[in-house]
Amino acid sequence: MGESSYRGLLLLAQLFEQENRRRQALATAIIHAEPIRCVQCGICSYSCPMDVDVRRLVREGLPIAHSYCLTCGQCVGRCPRGVLSLEPSPIFE
Amino acid sequence: MPFGPHPQRYVIVGAGIAGLSAARSIREADQQAELTFVGDERHAPYSRPGLAYYLTDDIPQAQLFPWSSAELRGLKAAFLHGQAVGLDPVEHSLTLSDGRTVAYDALLLATGAPAILPDIPGTQLQGVVTFDRLDDATHILSLAKRARRAVVIGGGITAVEIAEGLAARGVETHYLMRKDRFWGTVLDPEESRLVEQGMVRHSIRLHYNTSVVRVLGKRDRVKGVLTESGESIACQIVGFAIGIRPRVELARAAGLSVDRGILTDEFLRTSDADVFAAGDAAQVFDPASGKHTLDSLWWMAADQGRAAGANMAGGASPYLRGIPFNVTRIGGLIVTIVGHVGQAGDDADLVSIVHGDSETWREGLDSFAVHSHDQTTRIRLAVGEDCLVGAVILGDQTLSRPLTELVRNRVPLGRLRGQLLKSPATAVQILIDYGQKQVMKRMQVVA
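Chains as they are written, first to last, in this note's numbering: chain L, 289 to 381; chain Y, 106 to 552.
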């Protein structure tokens with residue numbers, strides 16, 4: 289095997305490793321909210337692929353533990369006020 | 106404090122977050138009394154800060170309404186569309202522009218603070234816009250469909266929101282600053298530079314040291330602006346965000362005490378015992394500082410509304426102001442500003458605070474600045490005599506939570522202060538570890 293194809297494989301393996309880590313992080317995480325930062329703009333609910341009304345849960349101070357939540361991170365990534373974060377779930381500790 | 110029997114008729118002028126929060130408090134305390142909103146907007150209550158993301162097309166208009174109709178019905182309130190033009194505190198009556206009168210036992214003025222226009226010729230022309238309400242946002246969007254170029258003048262968060270919205274809608278947008286950097290009274294030069302770079306990445310063209318002396322028009326439409334140096338910039342939209350002014354006319358005409366805003370005590374009560382004020386219109390007494398302060402922050406307006414509503418319904422809960430902070434997205438960066446972070450000097454672009462802003466941020470208490478900068482985040486800490494008095498966090502917000510806690514809870518730094526000042530590069534991490542320990546300790550105490 290040539291050196292260049294070996295490097296290609298290594299890169300591919302690294303990518304898979306990254307992706308695996310990302311998936312593991314998502315699968316074992318919960319969405320945590322800090323309501324005082326929230327201005328109820330609704331970007332979170334709008335970007336949720338499962339139509340979870342994240343905004344309402346934050347407003348009412350409820351945990352974002354909807355059974356449909358995939359912890360895909362869309363709401364976390366799009367919140368313009370840093371309200372939401374992915375935190376490790378206590379049940380996996 | 107003397108509180109009389111429960112009122113039977115509550116009236117709230119203004120259906121923004123302060124008014125709505127007050128209504129919820131009143132209903133929690135009193136299920137039976139009449140509750141009436143008076144407002145001149147024809148929309149259901151919406152997220153005012155969310156308008157920025159409607160402008161940039163992050164969300165559609167329908168997403169701006171957080172409260173379902175069932176939740177609003179649960180308030181059992183009447184919504185009267187109209188403009189309140191007269192208040193008679195002796196007769197306990199409010200007069201609307203169409204001549205109707207509304208009687209009250211307890212009244213809340215949550216009338217907000219609209220944008221002001223500069224005193225230059227041409228600001229009455231069609232195409233001159235400000236950005237306070239949902240109708241302003243829809244107006245800007247309808248103008249943006251036909252406009253080729255826009256000029257934005259002013260400072261703070263609102264100016265950037267207008268500029269980013271217009272740029273996102275494909276309008277060639279020029280942002281004019283009177284001095285050499287953005288928001289110089291709150292941000293330090295490096296922070297200004299990072300936000301400016303972000304604006305440039307969003308296709309906004311920046312002009313420094315540029316003042317506008319006139320808006321140029323053809324018939325009654327905007328056709329450009331004339332700068333102090335004699336240059337004219339052709340455009341179809343001119344956006345102004347030079348400051349806001351609390352709506353105090355009603356209170357002033359009724360003889361209530363008014364300064365820059367409607368003056369209230371820490372119970373949100375005005376100089377008339379049955380009239381309260383909250384939100385952007387109110388200049389609220391803060392027992393901690395002994396001053397009446399203006400803020401234009403969503404969560405503060407909500408807190409003030411909640412306290413005002415409870416007190417209107419016979420309670421006696423003081424409003425504890427806390428240290429003002431806001432998180433916002435400007436130049437594509439998430440920025441947290443908390444506490445006393447002010448920079449010396451005047452802000453030539455602003456004549457007062459704008460939306461999402463606080464007077465406190467301009468105050469630089471006696472403190473040292475400590476900076477930390479990596480690829481994704483820039484942090485500035487204002488280190489006071491015994492605690493952190495302020496912080497600005499740009500970019501990644503992971504650290505903004507513990508830092509905001511440290512500032513807001515005035516966590517004493519003790520000997521850490523010396524370490525901080527000696528080695529600022531690692532100091533931020535030391536502080537965060539320390540802050541987390543403190544928070545954990547407090548949580549254990551609470552538990």
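Derived from the structure by calculation, the hints contain no laboratory data.
A couple of the hints might just be wrong.
Derived CB-CB ranges, DEER-like [to be verified]: (1) Gln534(Y) / Leu358(L): 28 to 36 Å; (2) Met338(L) / Ala358(Y): 48 to 56 Å; (3) Arg253(Y) / Ser292(L): 49 to 57 Å; (4) Pro165(Y) / Leu358(L): 36 to 44 Å; (5) Arg310(Y) / Ala353(L): 27 to 35 Å; (6) Ala353(L) / Ser394(Y): 36 to 44 Å; (7) Asn314(Y) / Gln312(L): 21 to 29 Å; (8) Gln312(L) / Ser174(Y): 36 to 44 Å; (9) Asp364(Y) / Gly361(L): 44 to 52 Å; (10) Asn314(Y) / Gly296(L): 23 to 31 Å; (11) Glu375(L) / Val305(Y): 31 to 39 Å.
Here are some, though not all, of the chain Y residues that point toward chain L, as calculated from beta-carbon distances under 10 Å [to be verified]: (12) Tyr159; (13) Ser174; (14) Ala182; (15) Ala183; (16) His186; (17) Trp403.
All C-beta atoms, glycine included, are put in the ideal place defined by N, C-alpha and C.
Assessment of proposed distance window 49 to 57 Å (beta carbons of arginine 253(Y), serine 292(L)): 51 Å, holds
Pairwise beta carbon distance, glutamate 375(L) to valine 305(Y), judged against the given window 31 to 39 Å: 34 Å, holds
Supplied contact hint for tryptophan 403(Y), tested at 10 Å Cβ to chain L: 5 Å, holds
Satisfaction of the histidine 186(Y) interface hint, Cβ to chain L closer than 10 Å: With a closest approach of 23 Å, the histidine 186(Y) hint is violated.
Cβ distance range 27 to 35 Å for arginine 310(Y) and alanine 353(L), holds or violated: Check failed, 46 Å falls outside 27 to 35 Å.
Distance restraint hint 23 to 31 Å, applied to the beta-carbon atoms of asparagine 314(Y) and glycine 296(L): 53 Å, violated
Interface restraint verdict for alanine 183(Y) against chain L (beta-carbon cut-off 10 Å): Violated, about 24 Å.
Cβ distance range 44 to 52 Å for aspartate 364(Y) and glycine 361(L), holds or violated: Holds - the Cβ-Cβ distance for aspartate 364(Y) and glycine 361(L), about 47 Å, lies within 44 to 52 Å.
Closest C-beta approach of tyrosine 159(Y) to chain L relative to 10 Å, hint status: Constraint on tyrosine 159(Y) satisfied, holds at 8 Å.
Pairwise beta carbon distance, alanine 353(L) to serine 394(Y), judged against the given window 36 to 44 Å: 40 Å, holds
36 to 44 Å as the expected CB spacing between serine 174(Y) and glutamine 312(L), which holds or is violated: 42 Å, holds
Interface hint outcome for alanine 182(Y) [beta carbon to chain L under 10 Å]: Interface hint status for alanine 182(Y): violated (18 Å vs cutoff 10 Å).
In the structure shown, a violation is registered for the earlier hints numbered 4, 5, 7, 10, 13, 14, 15, 16, in ascending order.
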